[in-house]
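Chemist: Chains A and B are the protein sequences, given in the same order.
The working numbering numbers the first residue of the first sequence as 1203 and each following residue consecutively.
The working numbering numbers the first residue of the second sequence as -6 and each following residue consecutively.
Just so you know, the hints here were simulated from the structure itself, not pulled from any lab data.
Please note: incorrect hints may appear among the correct ones.
What the hints assert, rightly or not - Simulated crosslink set (BS3-like; lysine-lysine; CA at most 30 angstroms straight-line):
| hint | chain 1 | residue 1 | chain 2 | residue 2 |
| --- | --- | --- | --- | --- |
| 1 | A | K1539 | B | K209 |
| 2 | A | K1359 | B | K107 |
| 3 | B | K107 | B | K133 |
| 4 | B | K(-4) | B | K107 |
| 5 | B | K(-4) | B | K133 |
| 6 | A | K1359 | B | K209 |
| 7 | A | K1539 | B | K215 |
| 8 | B | K209 | B | K(-4) |
| 9 | B | K35 | A | K1708 |
| 10 | A | K1359 | B | K133 |
| 11 | B | K215 | B | K107 |
| 12 | B | K35 | A | K1359 |
| 13 | B | K35 | B | K(-4) |
| 14 | B | K133 | B | K209 |
| 15 | A | K1297 | B | K159 |
| 16 | A | K1206 | A | K1708 |
| 17 | B | K223 | B | K209 |
| 18 | A | K1539 | B | K223 |
| 19 | B | K223 | A | K1359 |
| 20 | B | K159 | B | K107 |
| 21 | B | K215 | B | K35 |
| 22 | B | K(-4) | A | K1708 |
| 23 | B | K215 | B | K159 |
| 24 | B | K35 | B | K209 |
| 25 | B | K107 | A | K1539 |
| 26 | B | K35 | B | K107 |
| 27 | B | K159 | A | K1539 |
| 28 | A | K1690 | B | K209 |
| 29 | B | K(-4) | A | K1359 |
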Amino acid sequence: MSVKTEDFDALIIGGGGAGLRAALQLAQSGLNTAVVSKVFPTRSHTVSAQGGITCAIQSDDPDDRWQWHMYDTVKGSDYIGDQEAIEYMCREGPKAVYELEHIGLPFSRNPDGRIYQRPFGGQSRDFGRGGQAARTCAAADRTGHALLHTLYQANLKAGARFLNEWFAVDLIVSGASGAVCGVVAIDIATGDVTALRSRVTVLATGGAGRIYQSTTNAHINTGDGMGMALRAGYPAQDMEMWQFHPTGIHGAGVLVTEGCRGEGGYLINRDGERFMERYAPNALDLASRDVVARSMVLEMLDGRGCGENSDHVMLKLDHLGEDVLNARLPGICELSKTFAHVDPARAPIPVVPTCHYMMGGIPTNIHGQALQVDDEKGDSVIDGLYAAGEVACVSVHGANRLGGNSLLDLIVFGRAAGLHIEEHNRSGDLPEANFSEEDLAPALERLGRLERQTGESVSQVREELQRIMQNHFGVFREGDFMREGIAKLDTLRGALDNLAVSDTSKVFNTARIEAIELQNLFEVAYATAISAERREESRGAHARNDFTERDDENWLAHSVYHPETRTLGRRSVNFDLNHIESDEREWFEPQQRTY
Amino acid sequence: MLKVSVYRYNPETDERPYMQDYELEIPGGRDVMVLDAMHLLKEQDQTLSFRRSCREGVCGSDGVNMNGRNGLACIVPLSEVVRGNRLSLRPLPGLPVVRDLVVDMEQFYSQYEKIRPYLIHDAPPPPERERLQSPEDRDKLDGLYECILCACCSTSCPSFWWNPDKFLGPAALLQAWRFIADSRDTATSERLAQLDDLYSLYRCHGIMNCVAACPKGLNPTKAIGQIRNKLIASG
Ligand SMILES: Cc1cc2nc3c(=O)[nH]c(=O)nc-3n(C[C@H](O)[C@H](O)[C@H](O)COP(=O)(O)OP(=O)(O)OC[C@H]3O[C@@H](n4cnc5c(N)ncnc54)[C@H](O)[C@@H]3O)c2cc1C
Ligand code: SF4
Ligand code: SF4
Ligand code: FES
């Protein structure tokens, strides 16, 4: 089968916050670029982000410092976030947030006209000594919507080119040079397959929360970029680190933002007790997400959960009053009425820890360049490949992400990737993209195998996968039980090559897309399973009943999953500080983590 | 068993669209969302195509016509639309159908692009600082910026059906007003001038279908009225 080819200087796969921020940079650069997105950009998952974007812009507190934000982030990461990257993000953050305002983002405002900031979990002043900070910049509780639409609008203004409802299937890797030379993609509306040849490719495909049964993530969050990278043989870092958000609506999975607790809401158990007082006496309900989620599960296991099965707790908001709820949390009131049948001004919302965010991803440097990691030879840049946003692991989140830090990650590192590509172009360093027919063969063969009308049912295999992940790799984990889970995944793998796609037409064939997405989900799930089983300690979001302590001696390190051997290696954490004065450096050394 | 009748059209095989009937068992007889029911249908019949993403009413992917009413399938419970145990699902009216429940949104998007949906500001922004905006000025954007471009409004508007290329339609006009109303935008007079022809704005006859259809509770008719007033005031 021969396919059409189209040429680009730079391709951005993904039209969420990270992709659109990178695109904005490149649209102004004169390069021949396009954004490839499987949905119209404003339908990307970034639109769902509610609470805000965390950044020390000194609006709520004129004395706030990016160094304090950095301290919180390093501590939140349980010390395996890369400090060079965290420093870069916290320091460059204000610039990136102001840019968003300049292009029109309708932030909520303080009486003095500056951007409104609200308290979020894990935030402190003065290196944890000055009490709760309010550092999350918000547009009511629709910050992601405001951010994504504003970025899309700015891209329209800049004349960016979009390939909307195009689905990227696989990376094209040149057998001759080893460089990434674009992607094979399907135009969903016509079903046509095209080789998009490009000198650089930026993966900004977002998360993969759909590996779990219960998730706050959109249906489209199927880890396609991770799947593409893993199939190309590239490593995945810290894949055991999945954030379970404390407040997913019980039964529906839909999120209610941490901003609810930031505005003064709190969690109660069946006795009406504010139980976080026992687990985090200082930060209470605004402790880090991993801490709050575990406390909730312990309450439920101890029989103090709500409902007949003690399977959720309650988020109390009614004491805030209708005015605050309508002004600050209008979207939450809507979601709660629709999905929990509860008006938060009158009754508490039933909530449960729910899969939310993938801290792991494709390892990159602070320019967004994707890295190959060799246990002996160390890191090397993968020519032609960048990654930014949730799919990437530049590692600003380490073992646990702080709320509001993802949106910041998107725009800071989306921008950084764009800047780096621009610079390389100016200095004539963009690689040439040359591939042969043979380099396309793996992707085309894979597509060919999805033309069978009989075989395993996509929806059933997907459900089974999600069940395995939910049961064996949830909030609390245990070796034996995880090994059982891995065995089940090994059995399931066979089904992946034998999926039935009974829709044989070309035009808008979503059955075919769902089958490819399922294959991607599986790769992500498998990497998660292996990484979780091998990391024999508890750190951040990774909590093991059989290894309950953090083990800095052996595991103050990133885990690196190698897809070809299905083994786990380690990569050292970056502790380089470039802009922290020597008298403040001690704050960033690993300490006991309490809230 | 719920009886669901679905608009089917595949340009590769069907000369014309037709309605296909399905019987659907909802597990536990629960009151699920229409989108959940559509997913169950797709398990029965993989060839049924529709769009969806967030499943919580914020991305605007799954605008469909449910028993004659436009809305987002993911936030409309069956109990709200099913009548006499029947549900009929059709694509949003007035736009060309790509396949089944998937419409071609190109016209809708191009009307949106026409109103220049981005902030225009003459003076360069302050370096390393945000532009200031009072909470009162910011409040003027509420009820406007929340639009999710789902097209439920424009595809319920008769004026848009007849002139989808010339009449901008409620969604685009709501966004036009969003930028005129923004204290940070300095292109008000150009924006108004652009709307001051026979079709772009004035084809709206105040029928308010758009308001009834908007799943986000927004009010395009009011925004259109505000643009008119502003045009009159600016003479
Ligand atoms: C409910 C919810 C609320 C949240 N709230 C906050 C918050 O308040 N603050 C915060 O900081 N973070 C928040 N987060 C996290 C944050 O929203 C996400 O991490 C972030 O939006 C991810 O952005 P992204 O650009 O990486 O990817 P996404 O926005 O997910 O975009 C991915 C893009 O890739 C495209 N794509 C994917 N696969 C393919 C393919 N195969 N071919 C072509 N295109 C493809 C998609 O079409 C899409 O355009 C929240 C997350 C959730 C789930
Ligand atoms: S009020 Fe105007 S825009 Fe709204 S439906 Fe009627 S004619 Fe269309
Ligand atoms: S105004 Fe309402 S109905 Fe119209 S596109 Fe926007 S959100 Fe949808
Ligand atoms: S799926 Fe996003 S609005 Fe319904």
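Chemist: Kindly indicate which numbered hints from before are broken by the structure, ordering the numbers from low to high.
Modeler: 4, 5, 12, 15, 18, 21, 25, 26, 27, 28 and 29
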